[in-house]
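J.: Chains as they are written, first to last, in the numbering used here: chain A, 2 to 149; chain B, 9 to 300.
Since the hints were made in silico from the structure, they are not lab data. It is possible that part of the hints are untrue.
[Said to hold, decoys possible] Dumping the calculated SDA-like pairs for lysine to any residue here, alpha-carbon to alpha-carbon at most 25 Å:
(1) A:K123 / A:S145
(2) A:K148 / B:A119
(3) B:K268 / B:A202
(4) B:K54 / A:G111
(5) B:K268 / B:L208
(6) B:K54 / A:Q67
(7) B:K54 / A:N104
(8) B:K54 / A:A54
(9) A:K32 / B:I176
(10) A:K108 / A:K148
(11) A:K32 / B:L106
(12) A:K136 / A:N104
(13) A:K123 / A:W53
(14) A:K123 / A:G111
(15) A:K147 / A:K32
(16) B:K54 / A:A46
(17) A:K32 / B:T75
(18) A:K32 / B:F66
Predicted model only: the values in this text are computed from it and were never measured.
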Amino acid sequence: MENSAESPQDPQDSSIKIANPPTTARSTAEKISFGLASLVVAAIAGLVIFSWATERDRPPVLTLQQSGNIRHTNRQFYVPFELSNIGGETAESVQVSAELKVNGEVKETGNVEIDFLARDEKAEGAFVFHQNPEKGELVIRVSSYKKP
Amino acid sequence: MGRSNRASNQWSREIQDIVRGASGGFLFGVPLLYTMEVWWIGSSVKMPRLILAMLLTFFIVLMLNRTAGFRKATDTTLQDELMDTVEAIAIGLVCTGLMLILLREITWETALPESLGKLIYESIPFTLGVALANQFFSGENEADTSSSKSKTATQHSQGTLTNTFADIGSTLIGAMIIAFNIAPTDEVPMLAAAVDGLWLLGFMGASLVISYTIVFGAGFTNQPKRRQQQGLFQRPISETVMSYLVSLAAACVMLVFFDKLQWDDSWQIWLSHSILLGLPATVGGAAGRLAI
Chain A
2 MENSAESPQD
12 PQDSSIKIAN
22 PPTTARSTAE
32 KISFGLASLV
42 VAAIAGLVIF
52 SWATERDRPP
62 VLTLQQSGNI
72 RHTNRQFYVP
82 FELSNIGGET
92 AESVQVSAEL
102 KVNGEVKETG
112 NVEIDFLARD
122 EKAEGAFVFH
132 QNPEKGELVI
142 RVSSYKKP
Chain B
9 MGRSNRASNQ
19 WSREIQDIVR
29 GASGGFLFGV
39 PLLYTMEVWW
49 IGSSVKMPRL
59 ILAMLLTFFI
69 VLMLNRTAGF
79 RKATDTTLQD
89 ELMDTVEAIA
99 IGLVCTGLML
109 ILLREITWET
119 ALPESLGKLI
129 YESIPFTLGV
139 ALANQFFSGE
149 NEADTSSSKS
159 KTATQHSQGT
169 LTNTFADIGS
179 TLIGAMIIAF
189 NIAPTDEVPM
199 LAAAVDGLWL
209 LGFMGASLVI
219 SYTIVFGAGF
229 TNQPKRRQQQ
239 GLFQRPISET
249 VMSYLVSLAA
259 ACVMLVFFDK
269 LQWDDSWQIW
279 LSHSILLGLP
289 ATVGGAAGRL
299 AI
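Put together the whole structure using the sequences plus the hints.
T.: As structure tokens, then:
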């Protein structure tokens with residue numbers, strides 16, 4: 002009985018134009034997917050506004066520390082480090098350098114560049130030495146960065 | 009019975025609209041996803057600028073929705089267009105987010121502002137693609153369907169081999185158009201450094217799903233023709249797999265052409281780089297088979 006009302010709804014090819022209901026009445030499916038879509042957009046916009054509100058308008062604060070133990074493999078010593086930016090802004094081209102002094106004399110140096118370090122971001126890496134850093138004095142420090 | 013039928017009709021139409029939008033987004037957005045400068049800009053962008061970007065996208069997409077859009081309906085009111093704009097942006101955001109996770113550009117360790125920056129900047133071309141979805145293969149609209157049908161009829165008589173070559177050819181052309189721009193850049197090795205082992209399987213899966221969706225799921229104008237075409241791999245699944253292999257081979261050849269792969273590289277590098285470039289190549293290949 003409902004067949005006559007149903008027939009123009011044929012989903013296949015040619016009747017596409019007819020198949021679309023008048024635009025004033027959106028189908029339930031469209032309403033639900035619009036609801037979900039608004040939720041997604043609102044969530045992202047909300048997160049942006051939240052980050053904006055909590056954005057600390059201050060320069061990068063870079064902290065560097067040795068993370069974990071020194072690894073000794075194949076006559077090389079690997080000193081892992083962890084660099085984090087606990088400041089507000091992003092730092093670009095962060096230079097981390099290391100110096101190994103034995104008996105007050107600089108024996109080996111190392112350099113790493115970290116491309117980008119956003120706020121609250123961490124970067125990890127390692128310095129590699131030929132001499133045992135534990136037998137000398139190891140200084141690792143952040144030497145420079147530039148504003149993006 | 010009639011009611012449940014109508015409801016499932018509604019849903020299948022709605023899902024097809026969304027899938028069509030997402031397919032358009034992939035065609036437009038994938039090249040920018042493989043651009044590291046955009047990841048970097050996203051990393052350091054200020055929040056007010058992101059809000060501005062979202063607002064701008066909203067207005068541009070609204071304008072596009074007035075002319076193209078991703079739905080088949082043509083008689084729309086401003087309210088419909090506003091709703092579609094929100095939906096287009098949501099489709100763009102969700103697909104871009106999934107792709108960025110797949111590319112390992114957004115991980116658990118990525119800071120929130122950085123993720124938002126990457127997500128919103130990368131989603132702009134994606135969202136434009138969603139809004140243009142209907143326009144992409146407008147070469148043949150309904151008026152054109154009859155002529156394409158007659159063309160198909162002549163192709164029938166030419167036999168399956170010709171059609172198979174036509175498929176391979178159009179896949180190759182499409183793959184070249186999209187992936188040729190990406191092959192010589194440093195993004196592929198960069199992404200390969202972040203992607204390991206099983207993650208590559210995810211890439212393969214995503215490539216296959218996106219390719220299948222664009223050609224068979226999205227309801228682009230050309231699809232009836234594709235289903236009719238006779239060829240050696242004419243079932244949707246086998247066509248998808250075969251064209252994926254063609255795209256992978258094309259990606260590999262392009263990488264060799266640009267000296268990005270050398271004979272003395274390990275086979276793991278060959279494999280991972282080809283699979284990574286294979287994704288945009290497959291998207292291009294799928295578009296190629298629809299367009300040509």
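J.: It remains to establish, for every hint, whether it holds in the given structure.
T.: These are the hints, each one checked on the structure:
{"no.": "1", "hint": "A:K123 / A:S145", "in the structure": "holds (16 Å)"}
{"no.": "2", "hint": "A:K148 / B:A119", "in the structure": "holds (18 Å)"}
{"no.": "3", "hint": "B:K268 / B:A202", "in the structure": "holds (17 Å)"}
{"no.": "4", "hint": "B:K54 / A:G111", "in the structure": "violated (33 Å)"}
{"no.": "5", "hint": "B:K268 / B:L208", "in the structure": "holds (19 Å)"}
{"no.": "6", "hint": "B:K54 / A:Q67", "in the structure": "violated (31 Å)"}
{"no.": "7", "hint": "B:K54 / A:N104", "in the structure": "violated (48 Å)"}
{"no.": "8", "hint": "B:K54 / A:A54", "in the structure": "holds (11 Å)"}
{"no.": "9", "hint": "A:K32 / B:I176", "in the structure": "violated (41 Å)"}
{"no.": "10", "hint": "A:K108 / A:K148", "in the structure": "violated (32 Å)"}
{"no.": "11", "hint": "A:K32 / B:L106", "in the structure": "holds (24 Å)"}
{"no.": "12", "hint": "A:K136 / A:N104", "in the structure": "holds (9 Å)"}
{"no.": "13", "hint": "A:K123 / A:W53", "in the structure": "holds (20 Å)"}
{"no.": "14", "hint": "A:K123 / A:G111", "in the structure": "holds (20 Å)"}
{"no.": "15", "hint": "A:K147 / A:K32", "in the structure": "violated (49 Å)"}
{"no.": "16", "hint": "B:K54 / A:A46", "in the structure": "holds (14 Å)"}
{"no.": "17", "hint": "A:K32 / B:T75", "in the structure": "holds (22 Å)"}
{"no.": "18", "hint": "A:K32 / B:F66", "in the structure": "holds (19 Å)"}
Of the numbered hints listed earlier, those contradicted by the structure are 4, 6, 7, 9, 10 and 15.
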